[in-house]
Amino acid sequence: MNALLPNLLAQATSLPSIAPEGGSAWMPPQASGHAAEVDAVFYFIYWVSVFFFVLIVALMVYFVLRYRRRVEGELPRLHSSHSLALEVTWTIIPLILVIVMFYVGFRGFMDLANPPGQAMDIYVTGQKWLWTFKYPNGHDDTELHVPIDTPVRLILASNDVIHSFYIPAFRIKKDAVPGRYNKMWFRPTRTGEYLALCSEFCGTQHSDMRARVVVHEPGLYEKWLTDVSDPFKTHTPAEVGALLVSRRCSGCHTVDGRAHVGPTFRGIFGHEVGIKGQPSVIVDENYIRESILTPSAKIVAGFENVMPTFKGQLKDQEITAIIEYLKTLSKSPEERSP
Amino acid sequence: MTTIDATSPFAPPAGDPPVNYLTATRGLRSWLFTIDHKRIAVMYLVSILTAFLLGGIFALLVRTELWTPGRTIVDADRYNQFFTLHGAIMIFLVLIPGTPAALGNFVLPIMLGAKDLAFPRLNLLSYYLWVAGAVLAVVAIALGSVDTGWTFYVPYSTTTSMGGVVPILTGVLMLGFSSIFTGLNFIVTIHKLRPPGMGWFRMPLLLWSLYATAIMQILATPVLAITLLLLIVERLLQLGIFQPGLGGDPLLYQHFFWFYSHPAVYIMILPAMGVISEIVPVFSRKHIFGYDFIAMSSIAIAMFSFFVWGHHMFVSGQSTLVATIFSLLTYSVSIPSAVKVFNWLATLRGGSISLRTPMLYALAFICLFGLGGLTGLFLGALAANVHLHGTYFIVAHFHYVMMGSALVAMLGGIHYWWPKITGRLYSERWGQLAFVFVFIGFNLTFFPQFLMGTHGMPRRYYNYPPEFQLLNQMSTVGSYLLAVGFVIMAVYLLHSVFAGRPAPANPWGGATLEWRCASPPPTHNFDSPPPVGDPYDYRDLVYNPRSAGYVSAARPAP
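Going down the list, the sequences are from chains A and B. Heads up: the first sequence is residues 0 to 337, going by numbering that gives the first Met the number 0. Heads up: the second sequence is residues 0 to 557, going by numbering that gives the first Met the number 0.
Worth flagging that the hints you see were computed from the coordinates, not collected in a lab. Quick reminder that beta carbons are idealized off the backbone N, C-alpha and C, glycines included. Fair warning: there could be bad hints in the mix.
What the hints assert, rightly or not - Capping the alpha-carbon separation at 25 Å, the derived lysine to any residue pairs in SDA-like fashion look like this:
1. A:297 with B:321
2. A:182 with B:74
3. A:182 with B:246
4. A:275 with B:327
5. A:133 with B:118
6. A:182 with B:327
To be verified - To give an idea of the chain B side of the interface with chain A (calculated C-beta under 7 Å), a few residues:
7. 67
8. 69
9. 366
10. 376
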């Protein structure tokens with residue numbers, strides 16, 4: 000087996016941390032050009048807020064202690080009830096501060112809204128509960144790989160409900176809305192692995208709709224893209240199928256025999272399964288192909304009709320690879336070992 | 000104890016317990032068909048607190064599920080129902096009607112020296128529309144529940160398979176009309192039933208805030224009504240209004256929804272600010288500081304609140320220019336809010352500050368609203384909003400505003416007017432104990448959520464990354480402490496109704512008119528219009544240790 004595949008498989012099962020080491024007390028690490036600017040805005044407002052909060056609480060505690068009523072019916076010490084000078088002061092000072100806050104927030108937002116002209120475009124599609132990335136060479140992947148220090152523009156769409164694409168380490172977020180394209184951009188500044196999340200509620204597995212983001216050293220991104228674009232050159236169909244299943248199917252289907260949202264893939268090929276409202280079928284190549292392309296045609300008894308179609312998303316060669324992988328999952332252990 | 004010490008010269012003679020609104024008539028029918036604003040207020044209070052119990056149980060279920068990442072007690076779909084029902088119940092059944100319909104209903108006419116609201120029958124209709132809304136929410140739970148979040152975003156809400164969506168939308172529609180009618184009633188009452196001598200600037204500040212709230216209720220709520228109606232039609236008949244698959248626009252829904260739901264935040268918080276403006280001066284025995292500015296800031300908040308809805312949509316794909324304008328307008332709301340906080344602080348200065356239970360809640364309000372308001376500044380800044388939008392930072396922020404401020408003020412108001420409503424005093428010591436649980440529990444629940452949010456944990460998450468477990472567990476423990484506080488409160492308040500000491504007419508030394516009639520008030524509140532003075536002038540009130548209440552020095556007890 001090629002060395003790349005176990006690595007990829009191992010990665011697919013353990014996602015990177017949402018907030019890896021290297022952040023500040025309130026913020027995750029900064030891994031994009033925007034991050035430092037957003038954090039500067041955050042910490043400016045933070046210290047202004049800390050100042051005013053401490054001021055309010057300190058004054059309140061001081062007044063309560065100093066002017067505490069000792070005997071019921073005690074009279075107040077002072078009778079001040081208005082002061083135009085004070086009212087104007089505590090209207091004008093906050094007004095100036097919030098105008099500054101608006102301005103710094105606006106300046107950072109302008110940078111987020113305007114990508115440089117030569118940015119690399121990657122199409123991002125949200126679908127319950129998976130992100131798909133289409134690279135400039137046409138390759139579809141469930142991971143976002145980008146080269147360091149290169150502006151990348153993401154063009155977001157959704158196939159079903161509203162999702163929101165969020166990379167905390169990059170401080171970027173934008174909704175993926177069905178029926179329109181939304182755009183966002185970033186320039187990664189730190190190599191490593193980060194997590195992309197869905198931050199708009201989208202149903203059962205909303206909190207599992209995550210994707211790995213990999214920022215490559217210069218030169219390694221191209222190598223990764225070439226390798227992943229045509230895995231059939233270097234791997235057997237079953238190996239490619241294992242990779243595809245881990246990336247595209249494992250959100251709902253297990254390979255260890257446990258039922259999840261959908262039935263498990265272990266031990267089904269060549270065996271009979273019950274179908275809701277129809278005669279049972281033997282799982283063969285055509286049945287698997289139909290289940291991928293027209294999932295609602297035959298619903299396995301005991302499961303709901305929730306699977307989206309993968310028509311247009313998986314090539315014939317890839318479907319064949321998945322079929323080959325499912326066959327290996329139905330062999331006994333001695334048959335499987337080479 | 001009799002009401003012989005009542006400040007009102009119209010108090011009935013000593014001896015027999017005086018007839019009041021609670022004892023004037025008997026039987027279930029006398030309550031169900033009452034048009035007495037005080038009885039309707041009591042029915043509202045009981046109903047809203049029951050809904051609060053239900054919403055609170057859902058909150059505890061949510062927090063318990065989040066004790067561990069992945070499954071703790073229920074599956075993801077059930078969890079999604081829990082947070083949806085928690086949000087919908089707390090907002091539409093508890094917080095929006097809470098202070099105006101329960102407390103405002105009780106005290107607004109009395110503060111005006113009036114016998115009732117301008118339209119007593121409309122008031123009863125408002126109550127029954129609330130009941131219809133509550134019943135439909137229960138029907139929604141029975142018919143397969145809802146998992147859309149309280150925001151009902153399209154296309155999720157038009158495509159989800161759960162069967163409770165249309166019933167709960169209809170319920171919210173009913174609640175909207177309940178709210179509109181209450182607002183209408185309050186506006187007409189304040190315009191037409193003010194007594195001679197009470198100009199606009201001699202009204203108690205609670206009435207200014209209820210008036211500002213009522214303007215928002217009647218102007219914004221119809222937009223919610225039509226939006227929900229369109230959503231119901233779309234879901235039932237598959238008409239393309241918001242759903243992109245049918246030719247609609249999902250962002251249009253968000254614009255419509257937030258055009259109501261942002262003012263709705265101020266529908267919740269403005270009455271709360273009004274309650275605080277009553278409690279702080281009374282328990283400082285000192286005239287409210289900056290009356291005109293507090294009154295005008297309520298009107299300013301009501302007006303500005305209509306022009307900030309787009310700040311809920313900074314990452315939705317609305318244009319950069321629109322987002323910029325909404326960011327600028329959003330900051331406008333912070334100024335009148337800050338003005339109020341500084342005026343309350345200035346009222347404390349030099350006062351005679353009593354830390355009775357209502358005042359504890361008012362001081363807690365100033366702290367928690369301070370934090371809730373200041374964290375709103377982060378969200379108004381566009382660049383910071385992009386990172387924080389849709390995370391637990393938002394959850395923490397709006398809980399500080401809605402629970403830490405709106406609900407805490409309502410608790411303060413309940414403790415403040417409890418002797419007036421029930422005629423009984425609750426145990427001060429137990430009240431302070433419950434307060435400690437509520438204050439510590441609240442902060443332990445929600446402060447860690449700011450940290451979860453800035454580190455990137457999105458809201459409405461069933462399964463969270465394990466590095467957030469400690470913060471989540473702190474939050475869950477906090478929610479249990481809150482629950483303990485509320486249980487203690489329920490026990491001593493109920494105990495006071497049956498075994499509490501009778502309350503004097505004016506236990507705290509308030510100068511607004513409700514403290515001039517007996518506790519509890521007679522059905523018609525006043526036999527003849529009471530003399531109107533400055534609502535914050537406490538100088539002619541003296542403490543009478545015999546009755547543990549305040550009496551007017553100018554008009555000594557007979």
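CA of residue 133 (chain A) to CA of residue 118 (chain B), is that 25 Å or under?
-> Violated - the C-alpha atoms of residue 118 (chain B) and residue 133 (chain A) are around 63 Å apart, more than 25 Å.
Hint check: 7 Å Cβ-Cβ cutoff, residue 67 (chain B) to chain A | 13 Å, violated
Hey, residue 297 (chain A) versus residue 321 (chain B), does the alpha-carbon distance stay inside 25 Å?
-> 47 Å, violated
Residue 182 (chain A) and residue 327 (chain B): Cα distance at most 25 Å?
-> Between residue 182 (chain A) and residue 327 (chain B) the Cα gap is close to 23 Å, so the pair holds against 25 Å.
Against chain A, run the beta carbon of residue 366 (chain B) and see if the smallest gap drops under 7 Å.
-> 6 Å, holds
Distance restraint between residue 182 (chain A) and residue 74 (chain B), which requires alpha-carbon spacing of 25 Å or less | 34 Å, violated
Agreement of hint residue 376 (chain B) with chain A interface, Cβ distance less than 7 Å | 5 Å, holds
Keeping to a limit of 25 Å between CA atoms, is the pair of residue 275 (chain A) and residue 327 (chain B) held or broken?
-> Not OK: residue 275 (chain A) and residue 327 (chain B) at ~56 Å, beyond 25 Å, violated.
When the nearest CB of chain A is found for residue 69 (chain B), is that gap smaller than 7 Å?
-> Where the cut-off is 7 Å and the nearest Cβ of chain A is about 9 Å from residue 69 (chain B), the hint is violated.
Between residue 182 (chain A) and residue 246 (chain B), is the straight-line Cα distance small enough, at 25 Å or below?
-> 21 Å, holds
In terms of the numbered hints stated before, the structure departs from hints 1, 2, 4, 5, 7, 8, listed from lowest to highest.
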